[in-house]
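**Student:** With these hints in hand, go ahead and build the complete structure from the sequences.
Going down the list, the protein sequences come from chains A and B. Using the numbering used here, read the first sequence as starting at 1 and increasing by one per residue. Using the numbering used here, read the second sequence as starting at 1 and increasing by one per residue.
Hints are computed from structural coordinates only; laboratory data are not their basis. Here the structure is a predicted model, which is why all the values come from computation and not from measurement. Where hints are given, some of them may not hold.
Claimed, not checked - Okay, derived cross-link-like pairs now, PhoX-like style, lysine-lysine, Cα gap no bigger than 20 Å in a straight line:
1) A:Lys53 to A:Lys70
2) A:Lys57 to B:Lys1
3) A:Lys70 to A:Lys57
4) B:Lys1 to B:Lys68
5) B:Lys1 to B:Lys104
6) A:Lys11 to B:Lys42
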Amino acid sequence: DAGITQSPRHKVTETGTPVTLRCHQTENHRYMYWYRQDPGHGLRLIHYSYGVKDTDKGEVSDGYSVSRSKTEDFLLTLESATSSQTSVYFCAISESGRVETQYFGPGTRLLVL
Amino acid sequence: KQEVTQIPAALSVPEGENLVLNCSFTDSAIYNLQWFRQDPGKGLTSLLLIQSSQREQTSGRLNASLDKSSGRSTLYIAASQPGDSATYLCAVVSSGNTPLVFGKGTRLSVIA
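**Tutor:** This is the structure in structure tokens:
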């Protein structure tokens, strides 16, 4: 299995509070991705990174920001959490972008009350 | 905008049966198509990756085919087992900037 960890694995927070999710990889892959998975919507891309300090928006980026200061770490921040951001968040990595397989982390379950 | 559809949404079969899962996509200009497996409460596991120049890929009891012109892919599972029970997701990489577009998945139950 690809070396991808996500922390925390579960989190309950209140509306309006900031939340940061962390993805850590040991594979030295260039590309990292954040997805959210919701019933009825499937997996949707939030943001992705194609190198240190290089990021771009995905399909559902509103309300989220990301940072990547090191190859191995990709942070997803909800500046002010809302109930609509209750979801399961998955991090993924790939070695060289869209022509390669993506490897997924175990996910973070976030509940915003 | 690329859209990926998987039918059926759920499927239940007896153990030992051969089965086919379907995936369709609206824009045939793709780089590749991938099939993933997701167990309940878990992340996704890549099963097969088909490049746009390929027609099919095989791994053990799994065979995935790709017909770009018709915008379709199938995942064939031979001699199904209870351990195959999971949700199977199809995803495509289009020629635009979006790295992966996922279908909503087919939830498979193999009954012993």
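**Student:** Are the Cα atoms of Lys1 (chain B) and Lys104 (chain B) separated by 20 Å or less?
**Tutor:** Holds, at roughly 16 Å.
**Student:** Does Lys42 (chain B) lie within 20 Å of Lys11 (chain A) when you go C-alpha to C-alpha?
**Tutor:** holds (16 Å)
**Student:** What's the verdict on Lys1 (chain B) and Lys68 (chain B), does the C-alpha distance respect the 20 Å limit or exceed it?
**Tutor:** Given pair Lys1 (chain B), Lys68 (chain B) holds - Cα atoms ~16 Å apart, limit 20 Å.
**Student:** Hinted pair, alpha-carbon criterion (20 Å max): Lys70 (chain A), Lys57 (chain A). Please report holds or violated.
**Tutor:** holds (19 Å)
**Student:** Could you grab the alpha-carbon distance between Lys53 (chain A) and Lys70 (chain A) and see if it respects the 20 Å cut-off?
**Tutor:** holds (8 Å)
**Student:** Straight-line Cα separation of Lys57 (chain A) and Lys1 (chain B) no greater than 20 Å?
**Tutor:** holds (16 Å)
Of the numbered hints given earlier, the model fails none.
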